[in-house]
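Peer 1: One letter stands for each residue in the lines below.
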Amino acid sequence: MLSYIIRRLLLMIVTLFGVSVAIFLLLRIVPGNIADILFDSAGLIDPAEKQKIIVDLGLDKSLPVQYGQWIFGLFRGDLGYSYVSEKPVIDEILPRIPITARLAGLALLFAVCSGVPLGVISAVRQNTWLDYGLRILSLSGLSMPSFWLGLLILMAFVHYFGTIPIYERQPATYWAWIQMLVIPAAAVGFRSSALIMRLTRSSMLEVLRQDYVRTARSKGLSEGAVTFDHALRNAVLPVITTIGVETAFLMGGLIVTETVFNIPGVARFLVEAIRWRDYPMVQNLVMFIALVVVVVNLIVDLAYMLVDPRIRYGQ
Amino acid sequence: MSARVDTAIERPGNGVLHDIAYLARRYPLGVGGAVIMLVFVFAAVFADWVAPLDPFTTNPRASLAPPSGVHLMGADMMGRDVFSRMIHGARISLAVALGATFLGSGFGAALGLASGYVGGWFDLLVQRLAEVMQSLPLLVMALVITASLGPSLPNTIIAIAIPLIPNVARVIRSNVLSLREMPFVEAAKATGMSEWRVAIIHVMPNTLAPLIVLATAQLGSTILTEASLSFLGLGVPEPWPSWGRMLSESAAEYVRTAPWLVIFPGLAISLVVFGTNLLGDALRDALDPRERD
Amino acid sequence: MAFVARLMLACLLILCAGLDAARAQKQGGVLRVTHRDNPPSTSIHEEATISTDMPFMSVFNNLVVFDPDSKQNRLDAIVPDLATSWKYSDDDRTLTFQLRDGVKWHDGKPFTSADVKCTWDMVTGKVDGKMRKNPRKTWWFNVKEITTNGPLEVAFHLNDPQPSLLVMLAGGFSPVYPCHVPAAQMRTHPIGTGPFKFVEFKQNESIRLERNPDYWKPGRPYLDAIEYDIIANRSTAILALVAGKFDLTLTGEVTPELVKDVKAQVPQMQCLVQPSNTQGNLLVNRERPPFDNARIRRAMALAIDRKAFSDILSRGVYNIGGAMLAPPEGIWGWSPEFMATVPGYGADVEKSREEGRQIMRGLGYGPDKMLPLKVSTRNIADYRDAAVILIDHLKTVFIQAELETLDSAVWYARLVRKDYSVGMNVQGTGIDDPDVMLFENYLCGSERNYTAYCNPELEKLFHQQSMMKDQEARRKLVWEIDRKLQEDGARPVVYQSQGGTCWWPYVKGLKLAVNSIYNHWRFEDVWLDR
Numbered sequence: 003m004l005s006y007i008i009r010r011l012l013l014m015i016v017t018l019f020g021v022s023v024a025i026f027l028l029l030r031i032v033p034g035n036i037a038d039i040l041f042d043s044a045g046l047i048d049p050a051e052k053q054k055i056i057v058d059l060g061l062d063k064s065l066p067v068q069y070g071q072w073i074f075g076l077f078r079g080d081l082g083y084s085y086v087s088e089k090p091v092i093d094e095i096l097p098r099i100p101i102t103a104r105l106a107g108l109a110l111l112f113a114v115c116s117g118v119p120l121g122v123i124s125a126v127r128q129n130t131w132l133d134y135g136l137r138i139l140s141l142s143g144l145s146m147p148s149f150w151l152g153l154l155i156l157m158a159f160v161h162y163f164g165t166i167p168i169y170e171r172q173p174a175t176y177w178a179w180i181q182m183l184v185i186p187a188a189a190v191g192f193r194s195s196a197l198i199m200r201l202t203r204s205s206m207l208e209v210l211r212q213d214y215v216r217t218a219r220s221k222g223l224s225e226g227a228v229t230f231d232h233a234l235r236n237a238v239l240p241v242i243t244t245i246g247v248e249t250a251f252l253m254g255g256l257i258v259t260e261t262v263f264n265i266p267g268v269a270r271f272l273v274e275a276i277r278w279r280d281y282p283m284v285q286n287l288v289m290f291i292a293l294v295v296v297v298v299n300l301i302v303d304l305a306y307m308l309v310d311p312r313i314r315y316g317q
Numbered sequence: 021m022s023a024r025v026d027t028a029i030e031r032p033g034n035g036v037l038h039d040i041a042y043l044a045r046r047y048p049l050g051v052g053g054a055v056i057m058l059v060f061v062f063a064a065v066f067a068d069w070v071a072p073l074d075p076f077t078t079n080p081r082a083s084l085a086p087p088s089g090v091h092l093m094g095a096d097m098m099g100r101d102v103f104s105r106m107i108h109g110a111r112i113s114l115a116v117a118l119g120a121t122f123l124g125s126g127f128g129a130a131l132g133l134a135s136g137y138v139g140g141w142f143d144l145l146v147q148r149l150a151e152v153m154q155s156l157p158l159l160v161m162a163l164v165i166t167a168s169l170g171p172s173l174p175n176t177i178i179a180i181a182i183p184l185i186p187n188v189a190r191v192i193r194s195n196v197l198s199l200r201e202m203p204f205v206e207a208a209k210a211t212g213m214s215e216w217r218v219a220i221i222h223v224m225p226n227t228l229a230p231l232i233v234l235a236t237a238q239l240g241s242t243i244l245t246e247a248s249l250s251f252l253g254l255g256v257p258e259p260w261p262s263w264g265r266m267l268s269e270s271a272a273e274y275v276r277t278a279p280w281l282v283i284f285p286g287l288a289i290s291l292v293v294f295g296t297n298l299l300g301d302a303l304r305d306a307l308d309p310r311e312r313d
Numbered sequence: 096m097a098f099v100a101r102l103m104l105a106c107l108l109i110l111c112a113g114l115d116a117a118r119a120q121k122q123g124g125v126l127r128v129t130h131r132d133n134p135p136s137t138s139i140h141e142e143a144t145i146s147t148d149m150p151f152m153s154v155f156n157n158l159v160v161f162d163p164d165s166k167q168n169r170l171d172a173i174v175p176d177l178a179t180s181w182k183y184s185d186d187d188r189t190l191t192f193q194l195r196d197g198v199k200w201h202d203g204k205p206f207t208s209a210d211v212k213c214t215w216d217m218v219t220g221k222v223d224g225k226m227r228k229n230p231r232k233t234w235w236f237n238v239k240e241i242t243t244n245g246p247l248e249v250a251f252h253l254n255d256p257q258p259s260l261l262v263m264l265a266g267g268f269s270p271v272y273p274c275h276v277p278a279a280q281m282r283t284h285p286i287g288t289g290p291f292k293f294v295e296f297k298q299n300e301s302i303r304l305e306r307n308p309d310y311w312k313p314g315r316p317y318l319d320a321i322e323y324d325i326i327a328n329r330s331t332a333i334l335a336l337v338a339g340k341f342d343l344t345l346t347g348e349v350t351p352e353l354v355k356d357v358k359a360q361v362p363q364m365q366c367l368v369q370p371s372n373t374q375g376n377l378l379v380n381r382e383r384p385p386f387d388n389a390r391i392r393r394a395m396a397l398a399i400d401r402k403a404f405s406d407i408l409s410r411g412v413y414n415i416g417g418a419m420l421a422p423p424e425g426i427w428g429w430s431p432e433f434m435a436t437v438p439g440y441g442a443d444v445e446k447s448r449e450e451g452r453q454i455m456r457g458l459g460y461g462p463d464k465m466l467p468l469k470v471s472t473r474n475i476a477d478y479r480d481a482a483v484i485l486i487d488h489l490k491t492v493f494i495q496a497e498l499e500t501l502d503s504a505v506w507y508a509r510l511v512r513k514d515y516s517v518g519m520n521v522q523g524t525g526i527d528d529p530d531v532m533l534f535e536n537y538l539c540g541s542e543r544n545y546t547a548y549c550n551p552e553l554e555k556l557f558h559q560q561s562m563m564k565d566q567e568a569r570r571k572l573v574w575e576i577d578r579k580l581q582e583d584g585a586r587p588v589v590y591q592s593q594g595g596t597c598w599w600p601y602v603k604g605l606k607l608a609v610n611s612i613y614n615h616w617r618f619e620d621v622w623l624d625r
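Protein chains in written order, with the numbering used here: chain A, 3 to 317; chain B, 21 to 313; chain C, 96 to 625.
Pulled out of the complex, with its shape left as it was, chain A reads as follows (with noise of 0.2 Å):
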């Protein structure tokens, strides 16, 4: 177990190194840079100006030089200065993080508290209309573009409260602070939601085939009290593989979401920043989700160990 964990960590070192130098070569191979971005902002470019910026930001200096400054910055704790806001980009990565952080929390909540049990209903009551239907509502949340349900949400607020809700800065209460995000968390975790659902549903149907629930069933104990013991069970495995998938590609839901939402996260500003070809930003950002996935992904790993005996790694 020890080596094992150990040997991931020296692999995650690895991945994120490569991360590191894919980052930073693709970011290079994206025409134009921050001096084109500024001029364009400004209508107009003179050539001396915008060298002058290059030569201030260290962009004349060869790639090597320019990927070992960032590198041996990390390692220092030091990441740089934003290009755009001129101001040290941990000051404007850090307040980001809660925010993103408590939405995509409350996505993977929503996700959880409904997938798990119209998983469990599907499952139960396979192939009546219950069933299609609950299949239909899973497809659909896999099939839906999820800005599209968030701007749909928006207007149907909009339609019938005559209000809408987007991101404010102080929410008054705890409970102001939950109603803001919930709409937009819903919206993003839908689709997650659908594929915790379609697992629940399939490894509940492998359970329910097992021979030790016919047994139990036979044994006497009513239907429910197995279907819930088994239900909680079951429901393990699919949330954390769905927890694994998913990470990476929540990022994508977030980034629209935060879009149509207005909330001012990590994920929008990623995009914001690579618009204006702020490398520093970028890279760290892009640095800190590969860490959150790679680490998530390590849990993950070491969850299936703890909740599935059956799974045993090593070489």
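Some hints could be false.
[What the hints assert, rightly or not] Quick list of the computed label-pair ranges, beta carbon to beta carbon: (1) C:K469 <-> A:I99: 37 to 45 Å; (2) A:V302 <-> B:A130: 22 to 30 Å; (3) C:Q365 <-> A:I99: 35 to 43 Å; (4) B:P48 <-> A:L300: 36 to 44 Å; (5) A:I73 <-> B:F62: 50 to 58 Å; (6) C:G461 <-> B:F62: 28 to 36 Å; (7) B:P72 <-> C:P462: 17 to 25 Å; (8) A:G60 <-> C:V222: 22 to 30 Å; (9) C:G461 <-> B:P48: 49 to 57 Å; (10) B:G140 <-> A:V298: 25 to 33 Å; (11) C:E295 <-> B:P48: 54 to 62 Å; (12) C:G461 <-> B:S88: 32 to 40 Å; (13) B:F62 <-> C:E295: 54 to 62 Å; (14) B:V36 <-> C:I475: 49 to 57 Å.
Because the hints were derived from the structure by calculation, they are not lab data.
Note that the Cβ used here is the ideal one computed from N, Cα and C, for glycine as well.
Position chains B and C against the provided structure of chain A, taking the given hints into account.
Peer 2: Below, chains B and C without anything else, positioned relative to chain A:
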């Protein structure tokens, strides 16, 4: 072990009609999905004949016209017929979905096959690369790739295809690894067949089923990714009637003034992705014995 | 009878105005404004976008400002700001300002003539002010030197007489910067003398300004704070405004179509649709085939139906005109009668297009042999929409164009490299004045002269109109210059955009001008009647 593929064909009775009736009973949702896909493909292929109007011609008088007999789904700001654009848009979506899926699955399968078969340092390298790509958010990668290649249809396809590769490669690789240990492969090797021939004749066909399942499952997500890219201002450029782009432009402006511009493209995207998902489910049920009831 | 009625109406209006003034303005409250995108920086002198100008203008003062009560920004409606009075020398080559005493910067340091000199030494490029960029250097082409005489007197020395200098000084893009604050800080935390102090700018999120309690104008401002929230999706922004989460929109952001919708939902909402000081025009690369051929250039010009652009993009709200903003909002644009005499502006588009087809047939093109072409534009909705219409129009003269959308990061670089055939361009102009428009865009070698149009003969007229004191005669000359620019196809102007600004009726004291969106955002007179 080739029974894996055969399970789909194992059915009673003869004749096409009979088959369809059988399939419809067994996979009603899957047939529903197939019908949606057929309509979609038909619209895409015969767009020039099906579309009542030219999708590019602007008309000041029809600007933001609501749905009517002339414009079934209304007209956009430029007075272009939305219905005709939707039909031509099917072509774009189909091109993106098929193109990206083929490209991504093809490369992924080849890499997975090679990495599972060759093993050693090559396998390690591919695995590390796949890990690197999988820890980058899909949309972010597509964003950066379209930004560097510039917005166009082929570039959008490439941008969406690349992030698909690692997933496919991993699935195929693990499949190959388990297949290699199978008795029939061992037997083939024992007859003196070369490694590559074994790989191509015996191993590859058996990875087809999971590949098809995976690819169908990804058809839908490629369409969704294109929509998201367009929503963020990248993706297939104007004046091509990409559904994602139509939706993104109207989402920014006409949510209230011309809701049909928001509803129809979104509906089309959802419906087609829905269709691919239904079809994908049925295919998986049919091809993957573990999932069968 | 009609006269009596009018007289009574006038009396009533005056009475009402009196009553309005008598009703005390309320102190306090936070004005919440929607913002469309992330301002590139907080430094007005370094930027040329409303995204920076509108939020940060209220941090500063100018030497002089446009009279807020005048509906039109014009030379004869300029009032004191940091300068209490000004005077031209007898040869009209020196403009001397007397400055206000006792004004303090937000950090407590006193404001003096040295600050004015510093600011203009920097923007004229005489001193390296450490700015990253200086987009309006051409505005000050005529300023030779700035001298101070004691802390409260400053003089602008000019090469030639230039009445319009005051107009440029009065614009929102000409704030006075403090000498003691480095340019880098002005980009992130600006210090001014204005009614509001900068508090915070969160990238892509929000801007917050707070009341300056020591503002030199007693009793002002009324508001406690102004907050801008950056909402990239326009639909979301408008929904939030209608839902009452905001009091005001970023200026020009509400399209004429959306204005109608907003008014339908909230009839009492105040919306003003006015020229946004931006125009759509064509950048034609005369060095690259096929546009090295003057006949093809002409055929293209004949294919354009300007009214269709205006109808499609704005339901006919956009103005049609030349380089200068069309009347009645604009001061320098052609009268409709004059415009009718300019080639390409005739009413009968079909006739023009037939003429265009004739030209193209003569060159061997026809319905079966279309001329292939690439139309380049920025990947921004306003640009794309216009380009799509252009492509559709070009078809009528046998030109089969394909759209090439370019990322903002590449667009200007491509323009500078001359790597395009025809570009659909949308550009803004800070002030409705020929000195700004002509020198910025059409002067040989000017940085914004993307197409490198250069006509020395015409340039003499640029200088001639700049020196003219008689504004009426100057307008006639400007009309002729503008006609020549359009005839030469220097940068064919297709439409002049308009945009709406909406606010709730309880927002009082907001005064906008019809010919500029850049110059009325001091917010010192604005109060909330809630």
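Peer 1: Please go over all the hints and tell whether each is borne out by the structure.
Peer 2: Quick rundown of the hints versus the structure:
Separated by about 43 Å at the C-beta atoms, K469 of chain C and I99 of chain A satisfy the suggested range of 37 to 45 Å. For V302 of chain A and A130 of chain B, the Cβ-Cβ distance of about 28 Å falls inside the hinted range of 22 to 30 Å, so the restraint holds. Between Q365 of chain C and I99 of chain A the CB atoms are about 40 Å apart, so this pair conforms to the stated range of 35 to 43 Å. Between P48 of chain B and L300 of chain A the Cβ separation comes to about 41 Å, which falls inside the hinted range of 36 to 44 Å.
One distance hint, 50 to 58 Å for the beta-carbon pair I73 of chain A and F62 of chain B, holds here, with the actual separation near 54 Å. Evaluation of the 28 to 36 Å hint for G461 of chain C and F62 of chain B yields a pass: the beta carbon distance comes to about 35 Å. The hinted window of 17 to 25 Å between P72 of chain B and P462 of chain C holds, with their beta carbons roughly 22 Å apart. Take G60 of chain A and V222 of chain C: their Cβ atoms lie about 26 Å apart, and the range 22 to 30 Å holds.
Separation of G461 of chain C from P48 of chain B is about 56 Å and conforms to the stated range, judged on CB atoms against 49 to 57 Å. A C-beta distance of roughly 30 Å is found between G140 of chain B and V298 of chain A, which places it inside the suggested range of 25 to 33 Å. As the Cβ distance of E295 of chain C to P48 of chain B is approximately 58 Å, the hint placing it in 54 to 62 Å holds. Look at G461 of chain C against S88 of chain B: about 35 Å separates their beta carbons, and that is inside 32 to 40 Å.
The beta-carbon spacing between F62 of chain B and E295 of chain C, approximately 56 Å, falls within the hinted interval of 54 to 62 Å. Look at V36 of chain B against I475 of chain C: about 53 Å separates their beta carbons, and that is inside 49 to 57 Å.
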